[in-house]
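Participant: For reference, the chains in residue letters:
There are 2 protein chains.
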Amino acid sequence: MCGTDAPDAAGPVSNGSHASKANPASSPYQNVNDFISNVARFKIIESTLREGEQFANAFFDTETKIKIAKALPVSSPQSYEDCKTICGLGLKAKILTHVRCNMEDAKKAVECGVDGVDLVIGTSSFLQKYSHGKSIAIIKETALEVIQYVKSQGVEVRFSSEDSFRSDLVDLLTLYKAVDQAGVNRVGVADTVGGATPRMVYDLIRTLRGVVSCDIETHFHDDTGCAVANAHSALEAGATHIDTSVLGIGERNGITPLGALMARMVVTAPDYVINKYNLKALKEVEELVASAVQINIPFNNPITGFCAFTHKAGIHAKAILANPSTYEIIDPAIFGLTRYISINSRITGWNAIRARCEQLGLKMTDDEVKEVTAKIKQMADIRPLAIDDTDSILHSYHIELQKKQAQQV
Amino acid sequence: MCGTDAPDAAGPVSNGSHASKANPASSPYQNVNDFISNVARFKIIESTLREGEQFANAFFDTETKIKIAKALPVSSPQSYEDCKTICGLGLKAKILTHVRCNMEDAKKAVECGVDGVDLVIGTSSFLQKYSHGKSIAIIKETALEVIQYVKSQGVEVRFSSEDSFRSDLVDLLTLYKAVDQAGVNRVGVADTVGGATPRMVYDLIRTLRGVVSCDIETHFHDDTGCAVANAHSALEAGATHIDTSVLGIGERNGITPLGALMARMVVTAPDYVINKYNLKALKEVEELVASAVQINIPFNNPITGFCAFTHKAGIHAKAILANPSTYEIIDPAIFGLTRYISINSRITGWNAIRARCEQLGLKMTDDEVKEVTAKIKQMADIRPLAIDDTDSILHSYHIELQKKQAQQV
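First to last, the protein sequences are chains V and Y. Going by full-length UniProt numbering, the first residue of the first sequence is number 1, and it counts up by one from there. Going by full-length UniProt numbering, the first residue of the second sequence is number 1, and it counts up by one from there.
Any given hint could be a false lead.
[What the hints assert, rightly or not] Computed list of lysine-lysine pairs in DSBU-like fashion (alpha-carbon distance at most 30 Å, straight line): (1) Y:65 / V:403; (2) Y:404 / Y:67; (3) V:283 / Y:377; (4) Y:377 / V:377; (5) V:65 / V:363; (6) V:370 / Y:377; (7) Y:377 / V:404; (8) V:375 / Y:151; (9) V:377 / Y:375; (10) Y:377 / V:67; (11) V:377 / Y:67; (12) V:377 / Y:403; (13) V:134 / V:108; (14) Y:370 / V:370; (15) V:377 / Y:404; (16) V:280 / V:108; (17) Y:151 / Y:108; (18) Y:377 / V:65; (19) V:377 / Y:151; (20) Y:65 / V:377.
What the hints contain is simulated information worked out from the structure, not anything from laboratory work. Keep in mind that this is a model prediction, so the values were computed, not measured.
In isolation and in its complexed conformation, chain V is listed as follows (with noise of 0.2 Å):
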């Protein structure tokens, strides 16, 4: 949806790891300058209203978009700025809109006064065969012709193959050097089926950069596990946008999440994400999403699920309070989070309990901790509870308190 479109001071290649201030320069991986590698100068193209509406229990209200809208983590002062000045032009936001690609869509999409049109089509056989009907040929020829057309209209014009990863490679470059030419602003590849692997991402992006000037953007989705980890090698190999939305919501279980993908960049190229995203926002809008979609944050989502920066005492104990960075490669307090070393007791326990909310940064008298924890314990009589539901308690009891704290001031 929002993708940050604003000119990036395109920094040197960093890839250190978030703790690279600590970190010895020997190690094999730091200071490799790697001049066609995007991760300290990527964009994200925020897909939670487009993509994230696939999902299937996903029906947003106007009033719920624009929450969501706003509380996306893309709010860095100069994000900020940026929005402000395209707020002075007249404009709410850059208006995209994602249609097939022929010629009486793109008429249609152009009478609605976009700003841009990206264009959409299935490039695999199982497409080819089963979805559109339509050769190789025959998809470039109109592929040009609506692609001029939108371009005489004075609208920026995006084209994406669909199911990339396992379409024909030649047919493929041929489409995207056809377009390119043609003057695109931007290509996409998909993984639509989100089968691909990072050494696949890699190679097909690595060889699409020599064929095309324009950016890339890059869809990928979580089928096998593997949506974030090719999104970096994506942008490893070029790629320049990277399509995510909040929690990874969308078609079956989903695309790249955002949060999971900041985990990822914040540890690959800290300087650049820390300044660029307000990482302290990330929490929220998951919370929101997640209950606009009736879903829990998963138990082991990286940065904001329940035991991402809880560990179990024992052998790293000592370590960890002597020096964190030995058993964390990401510092919690940058996502406004705190770590939290468990004592040996089901989480359900009160001190538990009162440990997650200082972590979470609900404030709360121990009195009315152990009035939450009655709470939870009696919601586990009706039925087995998951640690994950915890939060959602707690916030619901949190919220409450604060409303009876007004009603008293």
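Please build the complex by placing chain Y on the supplied structure of chain V, with the hints as guidance.
Facilitator: Here is chain Y on its own, set in the frame of chain V:
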């Protein structure tokens, strides 16, 4: 825990996708015979009962451990025969233990009568400084002494470094080469903090493959969402073993999840995976472990997540109906599941609940489905209910039904 250390028929490497029968040979990713790759002859070291116990909320009693061990999907006819043969020898299983690399711990381990000792030592500057305080020279000297002792007792020995990706490359290779020459059965590489990327993994394992002749085990944490992709890259580079746990439970947000790795590998090497593993057992062991450590199966879990095989009707519907492979890289049937095409209704609707029951293989009459739907709605009145809570409600209702029926018979 119980690795399938049975000898494999190491067939030719196939990079075909699951849908390869229908796939055109023109895909650039087909028919690549990379002779160093182990993607079609890997072994899994199932660590739910080791790494999994480091998960914040894991406190397994003996009964639970036995249940989990029995439910693991490493139970193809061949694995079963292997197990029977081993059991016939009067052994329960091969018993390995994980100890710090020093003579005292190694002696204790050997005195316990274990079959193998896995020596572990931190090699990163962080761990050298904040954990054990030893230099690489001392680590090497101690390791060789301990290895010689363990071997002299007729016990198998494995040597792993900890935090390998933040260790000095030359230090690492020197150590691994020395322990390989000293005759260890396997070396281990561990991304203890979860910061590695697929290309870092490929490079290190590819280099190591040229330095040691023994097996290579790998262990990936998921802090930056790359644990599945890193495991795949390691196999491509010549690693032989991958550590997993059910749902990935482990320290912090855990390690490579067994189920997600199965999803990944069944696409990369379908014949190998389908013949070796009983994939239909996955759902049950995940539910068992989730319940034991009080977590929900994440909504976006590959294979078993609520929406993994749910397609939202729309642009995709026609093609999915004509040929599911158009928008599905994995056939749900091989995991004993079914696909579901959602027809624009919130998942809590009665028809959606019926579809989910069918997907989970829970047999209920329409009246029973209506009753459980009412229960779900009732529960939702008490507190906001997530769709991924629904599975556990459906399962407990179904168990109740079965109990009632058993009483009536």
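Participant: Tell me, in ascending order, the numbers of any earlier hints that this structure violates.
Facilitator: Structure breaks hints 1, 8, 14, 16, 19.
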